[in-house]
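Visitor: The chain contents come next:
Protein chains: 2
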Amino acid sequence: MSPKITVELLRQLRQAMRNSKCITEPIQAYIIPSGDAHQSEYIAPCDCRREFICGFNGSAGTAIVTEQHAALWTDGRYFLQASQQMDSNWTLMKMGLKETPSQEDWLISVLPENSKVGVDPWIIAADQWKNMSKALSSAGHSLVAVQDNLIDAIWEDRPPRPSTKLMALGLKYTGLTWQDKITALRGKMAERKISWFVVTALDEIAWLFNLRGSDIEYNPVFFAYAIIGLSNIKLFVDSKRLLDPAVRQHLELDSPSQPDLTVQCFPYESVFTELQAVCAALAPKDKMWICDKASCALTQVIPKAHRSAIPYTPLCLAKAVKNPTEIQGMKMAHIKDAVALCELFAWLEKEIPKGTVTEISAADKAEELRSQQKDFVGLSFPSISSVGPNGAIIHYRPLPETNRTLSLNEIYLIDSGAQYKDGTTDVTRTVHFGTPSDYEKECFTYVLKGHIAVSAAIFPNGTKGHLLDSFARAALWDSGLDYLHGTGHGVGCFLNVHEGPCGISYKTFADEPLEAGMIVSDEPGYYEDGSFGIRLENVVLVVPAKTKYNYRNRGSLTFEPLTLVPIQLKMINTDLLTQKERDWVNDYHRKCRETIGAELERQGRKEALDWLVRETQPIV
Amino acid sequence: MSPKITVELLRQLRQAMRNSKCITEPIQAYIIPSGDAHQSEYIAPCDCRREFICGFNGSAGTAIVTEQHAALWTDGRYFLQASQQMDSNWTLMKMGLKETPSQEDWLISVLPENSKVGVDPWIIAADQWKNMSKALSSAGHSLVAVQDNLIDAIWEDRPPRPSTKLMALGLKYTGLTWQDKITALRGKMAERKISWFVVTALDEIAWLFNLRGSDIEYNPVFFAYAIIGLSNIKLFVDSKRLLDPAVRQHLELDSPSQPDLTVQCFPYESVFTELQAVCAALAPKDKMWICDKASCALTQVIPKAHRSAIPYTPLCLAKAVKNPTEIQGMKMAHIKDAVALCELFAWLEKEIPKGTVTEISAADKAEELRSQQKDFVGLSFPSISSVGPNGAIIHYRPLPETNRTLSLNEIYLIDSGAQYKDGTTDVTRTVHFGTPSDYEKECFTYVLKGHIAVSAAIFPNGTKGHLLDSFARAALWDSGLDYLHGTGHGVGCFLNVHEGPCGISYKTFADEPLEAGMIVSDEPGYYEDGSFGIRLENVVLVVPAKTKYNYRNRGSLTFEPLTLVPIQLKMINTDLLTQKERDWVNDYHRKCRETIGAELERQGRKEALDWLVRETQPIV
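In order, the protein sequences belong to chains G and L. When we follow my numbering, the leftmost residue of the first sequence carries the number 1, and every step to the right adds one. When we follow my numbering, the leftmost residue of the second sequence carries the number 1, and every step to the right adds one.
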């Protein structure tokens, strides 16, 4: 991986920062956040502005360019990758390390007095704007909204915004009609005396309307906004997309059943003016919900007296707690996904000794096998297929220039997943096709112990996920080891593979309590820079737990693994496991054998079935 | 315990809320926080305003009185106690339960439009003022500062503010002179370009000047403020206290060694006007530190442009990391304390069968035995000496009307501690003098497992204490049990038994990372309302841990118990312990036998020594 050469781009950007054609008055620094106008984590090519300017293409990171400096902030998953993708014009700011300054502190330390710091108000979230603006003001600087994006101004061949075909999902997949969802949402609005709700997150809009798109690779969403009133539904989307008869019928555009369930459609770009119009007509007591992570530009349209900024929207919460149809779909998707992975591992075992399998071809094979499964739509994120030292790059993606060959001598880590019409998967397995070293087995076993500690944890109803994070680390900590990422994220149902508002991480405190029906990942790891990476990830469903007692009638929860792919026994040092942990592994493998075995049998995939049976023998 | 009758008091307070002699304009609600003008947790009798108005005398809680309602917010430790101490005029608001409204939400739901809510600005912390004021404003109400406290106005026999004799502590106890501490503090101020620091927390002032008082029962502090400049030291304290030659000599009042180490003394009450004078003379770039938990009244004296409000002061942090002399002192104090407790338990064993020992007499005996130890000053908090159902009242204090007799049939819980000139102790043991039931043993064993999980935890340098809280609960959670309080608090060295900025609790997120030299308690529990309470508390020292590996050279930490009092073997169901847990218990008891045994021998306390040897036999 060679770094992007950014000398000329930085020169042009700095010129634009002073150029009156681009900007009302010169700015001394320009912030380039990672997201799009919907604060999406994964973004369309036309929105990859931060990657364009600095070369780093991970899913999280903020670039800041001043007249003298250029710096990028990202987290522990991306330290190695960012340092390889950026040239020497850029300083890497490693978030989470004690010595790393915050963006605010750094700006204050490098800016001349009374500086102006610019940012595109559509790209920065309202809460980030607020914090940044406050910090800069207190040091005598100011944060200013730059209406025309300066990266776009210097980006000559910027791709157009995608507008892919929409797919309407029926009740069989969603469990609830969009009309049911609107009605439930309005119930929550009425309960809190809210008249309007501005929906800006793409997955919330997709979930609410039971529609999917493919505007953003791996994320089945489409560019849209919605403004929901107690008797209005305003949808902002490229009007060409609504010519499709299936979509028109799904949304009842030509024959609405009820006036208050009539969808009014507007062009995507008109959300700003339409929101202004709605705001102008508000009654004095009307309140409008908007997420505090929505763009600063839209948020500031709503007068403060009417604005109720919330950390998580009711749609985000409703979407996180899967209904029975969604749970059943997620289970089916994970069974199909496991079939593909069992086939992959059986195939790898045969092919690797020939020396012809690479990180890229293995990932391609995984995709091919998944694509044979029913209702396959695409991958849910770029496959992380990594051999040996590449495994230590936490969000690695194999490229021709980094592509290693799988061998009998190095650990292989594959973190991959797919979108099926019935659910989204995300699974990581770490395997060795020869003989792992004692040290590799030791580290793997600590990671496994952490994985089990979370997966088997029983905890009271109302517990927030961050309180479980240390369970995943205790075995590593005991030996002086750790990993620099969170333990789990929410997973959508045929939606984004990362979703809020729940998760398992030491970094969040404002996460929402875990509830039965939520689905999260459980993925501790261990990474030795330059040598290998280990991660063990299942997607797990929050379910009620039966306990001996029931303190204050609160009830308890635990996790049920949806991912059913064997954990390589060869990598485990069973002496390091407790009896309870051994029982967990055996029980898990029994479930894999029964459930996936039956499906492999049904699909007539004999070799993979043999592999599964062999890989799920009980340990003693 | 009969509730306080508050009809007449509430009538008088509501009258005062409308009375132009007390207040510039009528207020519709009055907030009575728990603390004093220094935001102390434990307070002097003259500051017990919240207890005076509602009867509840726990260490945490806020009362709010409106024209129609009276409500008290407190946490899980005090639900039972508060409900017993308050009459039916009061509504108990159980904090931490989902259905309990916040003070702000409740006020908004009960107040008529455009209401004024009053509070004494000296008693409310600046950060609380800010949050409350913002919430009320957004609902059309306002928070107003009521200069003359309305409780004082109706409190006829309010006691005077104490002004006890000051005690100067020499290097033998403190390890650092106050001049060293001032110099180190100024170093930190210079590093952050801070010109002044307003010190308002009583324990910070006591620690900084190596002085102790006894103005607040159990807390060896004295009423004072300090304003520290880069070349000034302003101490605000009752001037009578400075007539004492020992104090004058200690502070070098009559012959200062250096101009910038000269202490200027001012009357306690003049802090407001003197701070105004200091602020009036500030240069444009001067910045002044004040804790965001300091009173609203003092904070607002400092112009915003000069104010740097910090969540924890450098003194709070410096005080939390004990120096070698303080650590040695804490160890000595805990040895002496264990001697007294071994004697107590040996004595209880003999006396209980006679039926003459009560909760109160047992607590008195504990105090008597502690007072025989060298450098004993007093108790560090009111002893919680509780039998059977009283043990379920988490912060119980035996009173003549609740006093139960210790017997062979009920669990006895004693949570007690002392102030010695070399250190502060806080220890809880739960014992049974007859035969505990299987259920009691089971619960005790889960609590013990949680205690061990924290005490033996190994974790990376820089880990915050809240990340360890779930370790203490895992065994209870597994069986559907839990406890509604945090797991640990910082402990001062001959200072407050509760101190910041570190702790082990699911409730805090903004705690400071644990560092070697910090001292915290480890005290999980289990409480069965109406039956029994179990708590197992040691004070533990954060120490470096030796680990097999050392990821990214971060280093690891663990805990060393300072408390060395046997854990009753009879209460343990050893079948529920892992081998590692059994080893921990045996190792802990070996340390108790060796260290405390030697001291008991030295002090010639033969009966207690026999008891200790018997109680520390290894389990198999």
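Since the hints were derived computationally from the structure, they do not count as laboratory data. All figures in this text were calculated on a predicted structure; none of them were measured in a lab. Treat each hint with caution, since some may be false.
Since copy identity is lost for identical chains, a pair holds within one copy or between any two.
[Said to hold, decoys possible] When the alpha-carbon atoms are kept at most 25 Å apart in a straight line, the in silico DSS-like pairs for lysine-lysine are as follows: (1) K331 x K287; (2) K570 x K98; (3) K548 x K441; (4) K21 x K181; (5) K570 x K350; (6) K570 x K287; (7) K365 x K4; (8) K98 x K193; (9) K606 x K570; (10) K98 x K188; (11) K193 x K354; (12) K193 x K287; (13) K374 x K606.
Visitor: Which of the listed hints are broken here?
Guide: Of the numbered hints given earlier, those the structure breaks are 1, 2, 4, 6, 7 and 11, listed in rising order.
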